[in-house]
Amino acid sequence: GAVVSQHPSWVICKSGTSVKIECRSLDFQATTMFWYRQFPKQSLMLMATSNEGSKATYEQGVEKDKFLINHASLTLSTLTVTSAHPEDSSFYICSASLRAYGDEQFFGPGTRLTVL
Amino acid sequence: SQKIEQNSEALNIQEGKTATLTCNYTNYSPAYLQWYRQDPGRGPVFLLLIRENEKEKRKERLKVTFDTTLKQSLFHITASQPADSATYLCALDTGTASKLTFGTGTRLQVTL
Chain S
1 GAVVSQHPSW
11 VICKSGTSVK
21 IECRSLDFQA
31 TTMFWYRQFP
41 KQSLMLMATS
51 NEGSKATYEQ
61 GVEKDKFLIN
71 HASLTLSTLT
81 VTSAHPEDSS
91 FYICSASLRA
101 YGDEQFFGPG
111 TRLTVL
Chain L
1 SQKIEQNSEA
11 LNIQEGKTAT
21 LTCNYTNYSP
31 AYLQWYRQDP
41 GRGPVFLLLI
51 RENEKEKRKE
61 RLKVTFDTTL
71 KQSLFHITAS
81 QPADSATYLC
91 ALDTGTASKL
101 TFGTGTRLQV
111 TL
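Residue numbers (our numbering), protein chains in the order written: chain S, 1 to 116; chain L, 1 to 112.
Incorrect hints may appear among the rest.
As the list claims (entries may be wrong) - Not the full set, but computed from the structure, chain S residues with beta-carbon under 8 Å of chain L:
id, residue
1, 42
2, 49
3, 97
4, 109
5, 110
No lab work stands behind these hints: they were computed from the structure.
Everything numeric in this text was worked out from a predicted model, so none of it was measured.
Virtual Cβ for every residue (Gly too), placed ideally from N, Cα, C.
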């Protein structure tokens, strides 16, 4: 079945540094990839929608200059948290969809980011 | 405003019983609704998708109903097992390119 991986699974960084998270679809080409953020005991909040070869579409309230998304191929999307601050500490999860609409999403295992 | 509500309190049931989880929504007109399972520290795993023209869908011990008049979906796990213990999330499509909006989830605890 469709498998999505994320790397790293966890990362600790100092305030002010940048962190890159990779999301790969291992055995399929993803039409669209999504990036979510999840705070403890809260639900997933969609941050942005990423399509290969085009600019990501960010949700309202998400700073596009802080959360840089690059979707270089049909199997790889990256999220870079720039100038990270402690309030950016969260669980970041990506997902990929096979078809453009009306389909399940395959989620990665998530990346736990802790900013000191 | 748009809302997706799931019972925020944990649901505790005994092994072998049927667990029923509720997802209510307001100010949405979803074409389909999905249910996911999430274990602590892990990404969600897809379980079932039901479309607006479907009343019920089943998969092994799982059953989902979708009532667009009541704006409600019910998720049932029959013959529940301790391994079913997890948080269950409902998600609605927003009508735009597979974007989903998730509910807050309900934690299910199945005890022996």
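Check the structure against each numbered hint from earlier and tell me which ones fail, lowest number first. Hint check: nothing fails, all pass.
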